[in-house]
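Colleague: First to last, the sequence lines map onto chains X and P. The opening residue of the first sequence carries number 0 in numbering that gives the first Met the number 0; numbering runs sequentially from there. The opening residue of the second sequence carries number 0 in numbering that gives the first Met the number 0; numbering runs sequentially from there.
Because the hints were derived from the structure by calculation, they are not lab data. Take these hints with a grain of salt, some might be off.
A pair counts as met if it fits within one copy or between any two copies, since identical chains are not told apart.
What the hints assert, rightly or not - Cut-off 35 Å, straight-line C-alpha distance, at most; resulting in silico cross-link-like pairs (DSBU-like, lysine-lysine):
hint	residue 1	residue 2
1	LYS104	LYS192
2	LYS217	LYS228
3	LYS69	LYS333
4	LYS60	LYS228
5	LYS131	LYS69
6	LYS104	LYS216
7	LYS309	LYS69
8	LYS228	LYS192
9	LYS69	LYS217
10	LYS15	LYS216
11	LYS309	LYS228
12	LYS104	LYS2
Since this is a predicted model, take the numbers as computed values, not measurements.
2 protein chains.
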Amino acid sequence: MEKFFPYAQLLSFTHKVFRQMGCSEEDASIAAEVLLSADLRGIDSHGVARLSGYIRLWQAKRINAQPVIKVIHETPSTAVVDGGQGLGLVVAPFAMKLAMEKAEKVGTGWVAVQNSNHFGIAGYHAMMALSKDMIGMAMTNASALVAPTFSKEKMLGTNPIAVAIPAGNEPPFVADFATTTAANGKLEILQRKQQDTPEGWVQDENGVPSNDANILKKNGSLLPLGSDKTHGSHKGYALGSIVDIFSAVLSGASYGPWAPPFPAYIPMPDNMPGEGLGHFVGAMRIDAFRPAATFKRHMDNWIGRFRSAKPIDPVNPVLIPGDPERIMEAERMKTGIPLLPVVVDDLIAAGDLFGIRL
Amino acid sequence: MEKFFPYAQLLSFTHKVFRQMGCSEEDASIAAEVLLSADLRGIDSHGVARLSGYIRLWQAKRINAQPVIKVIHETPSTAVVDGGQGLGLVVAPFAMKLAMEKAEKVGTGWVAVQNSNHFGIAGYHAMMALSKDMIGMAMTNASALVAPTFSKEKMLGTNPIAVAIPAGNEPPFVADFATTTAANGKLEILQRKQQDTPEGWVQDENGVPSNDANILKKNGSLLPLGSDKTHGSHKGYALGSIVDIFSAVLSGASYGPWAPPFPAYIPMPDNMPGEGLGHFVGAMRIDAFRPAATFKRHMDNWIGRFRSAKPIDPVNPVLIPGDPERIMEAERMKTGIPLLPVVVDDLIAAGDLFGIRL
Numbered sequence: 000m001e002k003f004f005p006y007a008q009l010l011s012f013t014h015k016v017f018r019q020m021g022c023s024e025e026d027a028s029i030a031a032e033v034l035l036s037a038d039l040r041g042i043d044s045h046g047v048a049r050l051s052g053y054i055r056l057w058q059a060k061r062i063n064a065q066p067v068i069k070v071i072h073e074t075p076s077t078a079v080v081d082g083g084q085g086l087g088l089v090v091a092p093f094a095m096k097l098a099m100e101k102a103e104k105v106g107t108g109w110v111a112v113q114n115s116n117h118f119g120i121a122g123y124h125a126m127m128a129l130s131k132d133m134i135g136m137a138m139t140n141a142s143a144l145v146a147p148t149f150s151k152e153k154m155l156g157t158n159p160i161a162v163a164i165p166a167g168n169e170p171p172f173v174a175d176f177a178t179t180t181a182a183n184g185k186l187e188i189l190q191r192k193q194q195d196t197p198e199g200w201v202q203d204e205n206g207v208p209s210n211d212a213n214i215l216k217k218n219g220s221l222l223p224l225g226s227d228k229t230h231g232s233h234k235g236y237a238l239g240s241i242v243d244i245f246s247a248v249l250s251g252a253s254y255g256p257w258a259p260p261f262p263a264y265i266p267m268p269d270n271m272p273g274e275g276l277g278h279f280v281g282a283m284r285i286d287a288f289r290p291a292a293t294f295k296r297h298m299d300n301w302i303g304r305f306r307s308a309k310p311i312d313p314v315n316p317v318l319i320p321g322d323p324e325r326i327m328e329a330e331r332m333k334t335g336i337p338l339l340p341v342v343v344d345d346l347i348a349a350g351d352l353f354g355i356r357l
Numbered sequence: 000m001e002k003f004f005p006y007a008q009l010l011s012f013t014h015k016v017f018r019q020m021g022c023s024e025e026d027a028s029i030a031a032e033v034l035l036s037a038d039l040r041g042i043d044s045h046g047v048a049r050l051s052g053y054i055r056l057w058q059a060k061r062i063n064a065q066p067v068i069k070v071i072h073e074t075p076s077t078a079v080v081d082g083g084q085g086l087g088l089v090v091a092p093f094a095m096k097l098a099m100e101k102a103e104k105v106g107t108g109w110v111a112v113q114n115s116n117h118f119g120i121a122g123y124h125a126m127m128a129l130s131k132d133m134i135g136m137a138m139t140n141a142s143a144l145v146a147p148t149f150s151k152e153k154m155l156g157t158n159p160i161a162v163a164i165p166a167g168n169e170p171p172f173v174a175d176f177a178t179t180t181a182a183n184g185k186l187e188i189l190q191r192k193q194q195d196t197p198e199g200w201v202q203d204e205n206g207v208p209s210n211d212a213n214i215l216k217k218n219g220s221l222l223p224l225g226s227d228k229t230h231g232s233h234k235g236y237a238l239g240s241i242v243d244i245f246s247a248v249l250s251g252a253s254y255g256p257w258a259p260p261f262p263a264y265i266p267m268p269d270n271m272p273g274e275g276l277g278h279f280v281g282a283m284r285i286d287a288f289r290p291a292a293t294f295k296r297h298m299d300n301w302i303g304r305f306r307s308a309k310p311i312d313p314v315n316p317v318l319i320p321g322d323p324e325r326i327m328e329a330e331r332m333k334t335g336i337p338l339l340p341v342v343v344d345d346l347i348a349a350g351d352l353f354g355i356r357l
């Protein structure tokens, strides 16, 4: 059974772990906040459950806890950042702040990042823009788990896209999704429950449709959003490719099947064409287009109209992107964050490494 | 049976029609070129088959053939353009040129457009950036045909996204897709053949899955990319929403279910919250991130690697976005453009209006 932990307790624990890894006080704070934001928002696969994975990457010297993060090229509206092999949890907020500074000056800012690592949930970074009346965007490439349409080979990560758009009285519009039919985290849930996947989520090593939630361990692959050609998988494949190219080809990171794997036990690919993992973030100042108050009034109207769209079943009203995560966050701030025994054991072991108690 | 017409003949005919509608020589040229690019690239639903639809909108005074296209707000990297109720075929290239001028100066340019009309294929506008070593993007909102996840009400258009990325020796990467499982044009093909749709493309007026290719005429709706919640339709719904918000809420156009309908016989919605249809286009100078030659070398490597991804069936190798359209264009430049008798009759009737022979 799951056990509930208060947010503050997990945040403090995670902060201490990052400090012990050698992160600065400031970096440990932001890294812990980004990581825990996934647990709060219900994206459990990207939260503290991954902490031990980051530690193993640090032990394997694939993560530098004291990175030199550098701007290696820039124009008024763009920059390329070298993440110094740091935690993506730290590098991505640096890049997003830079994008927002540029947006402040010239209307928009776009930052491509090389030489980074897994950055947690894309939504966190995109949402940084909201308080400044900006639209925020964040995407990242990731370890190859996804086969393009017509292929049986894993070539792309689940390559998420997040877009956060401010509203007025309504909560913001926050889309944050993997460019696959189902995120890897959904497979992990089914694995624990020893259940099969629905049709259209995965295929086996020969490219034959499968329902096996463990198929990725057997050379199978995830399918792009759309599942198959008839249902538009070429569109999901194109989206995942755009994320890969913006995040890694534009930045000088390692792309496609050469993206560095998250599990530290998987060897790094041969002949990597770039440096580490890549991200792409952007910020657009609303009033670079129209007055923010006017825009937000129309967003309230947009959101209100979509919420009132005729439901198929009144029990399931139409949701606005970001609704489920926001509701989850409010709930978990009260109830605490539920962790599976295997995750708790993992955290305790991680703490023991550094003499920190959960 | 279809009849084949040389590209030059259809281009000249279309140009003359736009001239007779009152377009300037320059506007008629670009409008004809954009419209015909759809036929060349095999997106027959967006080509000359729509010419009579544009004429009817002009007759209904919803299209102004001599629009005053104005920049109504700008910053170094952004602008909002008022399309003066012009042809989107003319307004969108204006906006894209402006985005490219801004990208030339400050690295990127982003232009939101209000008070426009249907702009043809998104891919044409995105591809304008390629010759300048820029990445081009284009999107537009459109008449509401798509129901959000959990809804039975048409709230969004098929809201396409196009992204064009230059390569070196390889042809460019050009993604151009509706954010639905299937584009409306695919339904039209099935209607003509009197065939059913596959599962997951459409639903009926009660939100029940349907296979009826004519269901849109019976208050049914298209489904967002992903088809249903289990297969990620909330992602397709989010994508279509982002296109709607960027194109119309950011620009001051009319959004969501209030988007102006393309068929001139459908009355304009009541209480429209903005002006006309909206687009959003962008250009990013490659060397605002890294040297264009280096980027293009890596794009060649990316494309080559993806082309060689292990195919499920060697008869269907992995394609790069833009491959099918480019192959079609080369073919149709030679063979001519096939038009159905109903389309030919429609064009002849359109020509008769203005005393022009096909």
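Colleague: Okay, which hints does this one fail, numbers in order?
Modeller: 1, 3, 4, 6, 7, 9, 12
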